[in-house]
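Novice: Spelled out, the chains give:
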Amino acid sequence: MSANQNIGLLTNRSKVVSVKKMTFMERIYFPAIIKGFGITFSHLFKKKVTIQYPEVKRPIAEIYRGKHVLKRDDEGRERCTACGLCALACPAEAITMVAAERKPDEMHLYREEKYASVYEINNLRCIFCGLCEEACPKEAIFLTNTIVPSNYERSDFIYGKDVLVEPVDHRVDVSKRQTPEVLNFKKDKNQSHNI
Amino acid sequence: MDGNYIIYKFVLASVILLISLVVAMYATLLERKIAGFFQDRLGPNRAGIYGIFQPLADGLKLFFKEEFMPGSADKFLYILGPSLTMMIALLTSAVIPWGDSLIFNGVEYSLQVADINVGVLYVFAILSIGVYGIMIGGWASNNKYALIGAVRAASQMISYELAMSMAIIAIVMMSGTLSLSEIVNQQHGFNWNIWYQPLGFVLFIVCAFAECNRAPFDLPECETELIGGYHTEYSSMKLGFYLFAEYINMFISSAMIATLYFGGYNFPFMDDLGLSHNALTIIGFFVFFLKISFFGFVFMWVRWTLPRFRYDQLMRLGWKNLLPLALVNVIITGFFIMLKHHS
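Chains as they are written, first to last, in the numbering used here: chain A, 4 to 198; chain B, 7 to 349.
Because the hints were derived from the structure by calculation, they are not lab data. No experiment lies behind these values; they were computed from the predicted model shown.
Subject to a maximum C-alpha distance of 20 Å in a straight line, what follows is the list of computed EDC-like cross-link-like pairs (lysine to aspartate or glutamate): (1) 51(A) - 37(B); (2) 326(B) - 29(A); (3) 150(B) - 80(B); (4) 117(A) - 78(A); (5) 49(A) - 37(B); (6) 15(B) - 121(B); (7) 60(A) - 46(B); (8) 38(A) - 46(B); (9) 74(A) - 137(A); (10) 117(A) - 142(A); (11) 117(A) - 104(A); (12) 74(A) - 176(A); (13) 49(A) - 46(B); (14) 141(A) - 116(A); (15) 164(A) - 109(A); (16) 141(A) - 176(A); (17) 74(A) - 116(A); (18) 51(A) - 46(B); (19) 50(A) - 46(B); (20) 179(A) - 169(A); (21) 179(A) - 142(A); (22) 150(B) - 231(B); (23) 164(A) - 123(A).
Sequences and hints are given; from them, build the entire structure.
Specialist: Right, dumping it as structure tokens:
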């Protein structure tokens, strides 16, 4: 199509609308109805798009932003230091925490001197944006590719440390959300406005 | 009128009532299934395999729903509305010939509850009363949407009844009787009325959609404009009655279409099979149900294919297109009957 013909058209998909009178065949409406019947009938035999959820699960990306996890370090100590940056970063204000001081006999439990004695995420408020993960200076909180399941009570959606902290013997792999590139990118202060 | 006769009629009436209810129940499931298939979905399939317990679950749910009645509603009429709709929907099945007759010990048992000689008239009388249930319900709700829906239902029913009756008159002229069993018997074998009355059939089926308040003529309930139309203020089993009556009406309409135009329980080559009278009757009964199921499917097929008419379009179609066509059909039929008689 030459440039001249395109004058006045914003896209090349626009159609010329006509207001011509309908022909007799169009006015009696029946041919169109029969055609419509054909179209709907053909859909009876088409492949169904339904995914039968609990039995069949749709594949989700490895970097999916789902349920949160509070990571432990290599020695099994909780990384979180209850700085509150995640709660500050959270646009939905879904995170609350109570900080506590580590006792001398808790050295093996918490990495830093200060830790979160209570850490709660309200998953009804959470929008799974991942800003908490981004804000965390201790690489303690990550989003995982598991889905927050439905529940009957609103209170059951508030996840405490018992759900969020990863078990020592059952580590959650977050390497996909924390590639070296991402790590380097995060360390680069010049790029921080892009994150 | 001996005791045997009364028992036989009672059993027959109960069986037909039961069949109507069960068919209507499963029509709701079928409707949802077919709607799903037409939209590339699966439809309900969680309650039992293929969702066969879905109608039971739906019914149970309706029973346990809160029984709500608007404070300003007319209590008596509010309850009368759905009851009347349900009762009238079930009344029509009495005159439909579900099959020929069964002969036991030399006694003939007809599979028609009441073979009244004005069967066609009876069906139309009952169908016309059907709108009272909707009208009363819509009026008693004391809600503007319900009232608009009720008024729409009334005017739609009146408009389409004319064309429908005219289409039927052509059939009555041809067969010379108002008795449904007689009309069916005249269509023996493959001598169905559809071959003589194709235009009449099209008119009848269009009017049947309108009379059942089915899409594309579901303006009385019209969710987009009137929330739920005449049943806006209804809940629980009263709403269930309205919805259920719609499916019973659909079933009865399909039965009427099959009876009047597609030979009822007659099927091609029925005389060449060499079967006994009773066997033929039983096969005929199932053939009749096959025909009804097909037209039930057509009802759903239309619903999920055609968009709803606008109200002025509906009135124009009824008065300016269907009624004149029906009159022309009557004249043409009369002309051919005259030719046949004089040749």
